[in-house]
Amino acid sequence: MTGDCRDFRAALEAELLGRPSQEKLAGLSWHAHLLGCADCRELLEKEEALEALLASLPEPRLPEALARRVLLRLREDRAVEVRLEKLLELGDAARAPAGLAAGILARLAPEREAQAARLADAQLEKLLDLDQDLAVPAGLAARVLSGLEPARFAPARRARRSWTYAAAAGLLLAFLGRVWWVRAHSAGPAPTELAADGSPAPDPKMLAALDVLEQWDLLMQDDVDVLLSTLGPGDEALLDYR
Amino acid sequence: MIPVRAAFLALIAVSTLLVPDRQGAASAAPQPVPALESARRRWERFSPEEKERAKERYGRFLAMSEEEREQLIESARRLRERTERVQGELAGKDAQRLSTLAPEKRRALVREIVADESRAVGARLRGQFPEDVLARLEKARPEDRARYFRRFRIQQRDRVARYAIGELGKRLALPADEIRRMQELPGDARCEAVLDLRKRLSALDVEVSGLPPGITREKWDAWLALPPEEFFEVFQRYHESRIFAQSKSAPPSPEALRALFEASRPRPGEVVALADLPAEERRARIEADRRERCTKALREGSLLPPAELEALDRKTHAEFFDTVRRVLWNSGHPPWPRRLGGPLAR
Numbered sequence: 002m003t004g005d006c007r008d009f010r011a012a013l014e015a016e017l018l019g020r021p022s023q024e025k026l027a028g029l030s031w032h033a034h035l036l037g038c039a040d041c042r043e044l045l046e047k048e049e050a051l052e053a054l055l056a057s058l059p060e061p062r063l064p065e066a067l068a069r070r071v072l073l074r075l076r077e078d079r080a081v082e083v084r085l086e087k088l089l090e091l092g093d094a095a096r097a098p099a100g101l102a103a104g105i106l107a108r109l110a111p112e113r114e115a116q117a118a119r120l121a122d123a124q125l126e127k128l129l130d131l132d133q134d135l136a137v138p139a140g141l142a143a144r145v146l147s148g149l150e151p152a153r154f155a156p157a158r159r160a161r162r163s164w165t166y167a168a169a170a171g172l173l174l175a176f177l178g179r180v181w182w183v184r185a186h187s188a189g190p191a192p193t194e195l196a197a198d199g200s201p202a203p204d205p206k207m208l209a210a211l212d213v214l215e216q217w218d219l220l221m222q223d224d225v226d227v228l229l230s231t232l233g234p235g236d237e238a239l240l241d242y243r
Numbered sequence: 004m005i006p007v008r009a010a011f012l013a014l015i016a017v018s019t020l021l022v023p024d025r026q027g028a029a030s031a032a033p034q035p036v037p038a039l040e041s042a043r044r045r046w047e048r049f050s051p052e053e054k055e056r057a058k059e060r061y062g063r064f065l066a067m068s069e070e071e072r073e074q075l076i077e078s079a080r081r082l083r084e085r086t087e088r089v090q091g092e093l094a095g096k097d098a099q100r101l102s103t104l105a106p107e108k109r110r111a112l113v114r115e116i117v118a119d120e121s122r123a124v125g126a127r128l129r130g131q132f133p134e135d136v137l138a139r140l141e142k143a144r145p146e147d148r149a150r151y152f153r154r155f156r157i158q159q160r161d162r163v164a165r166y167a168i169g170e171l172g173k174r175l176a177l178p179a180d181e182i183r184r185m186q187e188l189p190g191d192a193r194c195e196a197v198l199d200l201r202k203r204l205s206a207l208d209v210e211v212s213g214l215p216p217g218i219t220r221e222k223w224d225a226w227l228a229l230p231p232e233e234f235f236e237v238f239q240r241y242h243e244s245r246i247f248a249q250s251k252s253a254p255p256s257p258e259a260l261r262a263l264f265e266a267s268r269p270r271p272g273e274v275v276a277l278a279d280l281p282a283e284e285r286r287a288r289i290e291a292d293r294r295e296r297c298t299k300a301l302r303e304g305s306l307l308p309p310a311e312l313e314a315l316d317r318k319t320h321a322e323f324f325d326t327v328r329r330v331l332w333n334s335g336h337p338p339w340p341r342r343l344g345g346p347l348a349r
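Chains A and B supply the protein sequences, listed in that same order.
Per our numbering, the very first residue in the first sequence carries number 2; after that it's consecutive.
Per our numbering, the very first residue in the second sequence carries number 4; after that it's consecutive.
Heads up, a few of these hints could be off.
With the C-beta cut set under 7 Å, the calculated list includes, among others, these residues of chain A facing chain B [unchecked claim]: (1) A103; (2) G104; (3) Q216; (4) L220; (5) L228; (6) P234.
Quick list of the computed label-pair ranges, beta carbon to beta carbon [stated by the list, open to error]: (7) A/C6 - B/R183: 35 to 43 Å; (8) A/P201 - B/K222: 28 to 36 Å; (9) B/D224 - A/P201: 17 to 25 Å; (10) B/R88 - A/Q222: 14 to 22 Å; (11) B/A66 - A/Q222: 17 to 25 Å; (12) B/R329 - A/Q222: 45 to 53 Å; (13) B/Q158 - A/Q222: 18 to 26 Å; (14) A/Q222 - B/Q186: 18 to 26 Å.
Hints are computed from structural coordinates only; laboratory data are not their basis.
Where is the CB? At the ideal position from N, CA and C, for every residue including glycine.
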């Protein structure tokens, strides 16, 4: 995955947040990155297919009886709050002891939370019961699974990618290590053998340059004539044609 | 994406396994085992001080660029070959005197002789170098010179060699395709082609005009059997011995120039004869003797205007020998005709 892939996928993610629409995704299909990236093209097509599928589903409706019960319960809750507020207003007018209202609210809080949770559970149960009554289009499960495939396999792919990067890093380290080794061994002598006189054997690379080391004074002197004299026969012959 | 990643990993793996030993390759070009063995034997003959000095120099050598190291290796190889030749010659002529000297002393004497001879060869060649190249080499630090020198050689091989092949090919009446093929050879091979064509031209000249003066048929045939590079060197030495005899220009007279040439030549026998003196004193004595010989040759041959002859005594050694060099090799009109090849023309 390249940096462009990442940019494109960030844009796609932004469009998928909230309530995505097919129109929004269609706008992304003009993204320049898609011209050269088959993976991202495929990903966008899957997302578009999923959105089209979701858009084809009927809007869920609550049964009338359930709606009535929910509204009734909400009204009851609202009535309790209204009564409490009135009571608190009265307490204020009758110079109720300080902290009375706060104390009452604190005592009521757990009860109110439990009641809200029970209500939410009941509503969810009803909604789920309702889903069972809907007619599901043929092949929907397969299409949904296919659309979700990138997300389902993402962790495995991430793990595989991590291994790949780890292997690349290992190889890179081995490469750098070898470069270092070559330099270290060519820069200085690493005598492992002994010469005839018992002293450490000289570095073969230094021996290969022994001519230079022996002729150093001649080659490095100020007089340029010595260097000129080292012109080979072929190069010397060419001087005649200048 | 996976193939790209796989290719990336494969690339790293391959480069890890095959990373070239660049420094080793540059600092020490692959040498045949005998060369390395010879170096090892020479190393073992070094005194502890010499070994220490060599190690210190090796550190400086490694700090140089690859280009400089390659040129220094090439130049040092030529100096070693010259050293081996001088050793061989001394072993023939001065074997008895040399056998009385300690090995280190013998090596020091050989070094002196090689240095002397190298300066003489360089003095001859400098007259053929382009002035701007020479000026740049002289101004450069010794460490940088090798780099400039190498670039000059490469430039010659790239441009001059193509021209030379064209000229020699025409004189040998080679087909245009053959000339073009040789002109497109890589640098080293192109340079060798020039030497090969010069040798063929020399052979053709002899067929047409007869043997060079003083050379027998057997000797000429033996020369022709040599590889082009060795043929060039042998022929160059012969040519040097004849250059002043061939000069027709007057003044200066060929005899006077030849006398100056002989007076200025290094004489290895002198170095051996003065072996007991400290190196500095020996060098000073040899230089003074050579100066005296050259002054005599310059005066007797009237090779300089009277005012310049009078001023000779006031010159330093360096200035004096610079004058000798100018008279011999660097005059506006070279004392011998340089041509494109062939023994009689040269």
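I'd like to know which numbered hints this structure contradicts. Please list them from smallest to largest. 1, 2, 7, 8, 9, 12, 14
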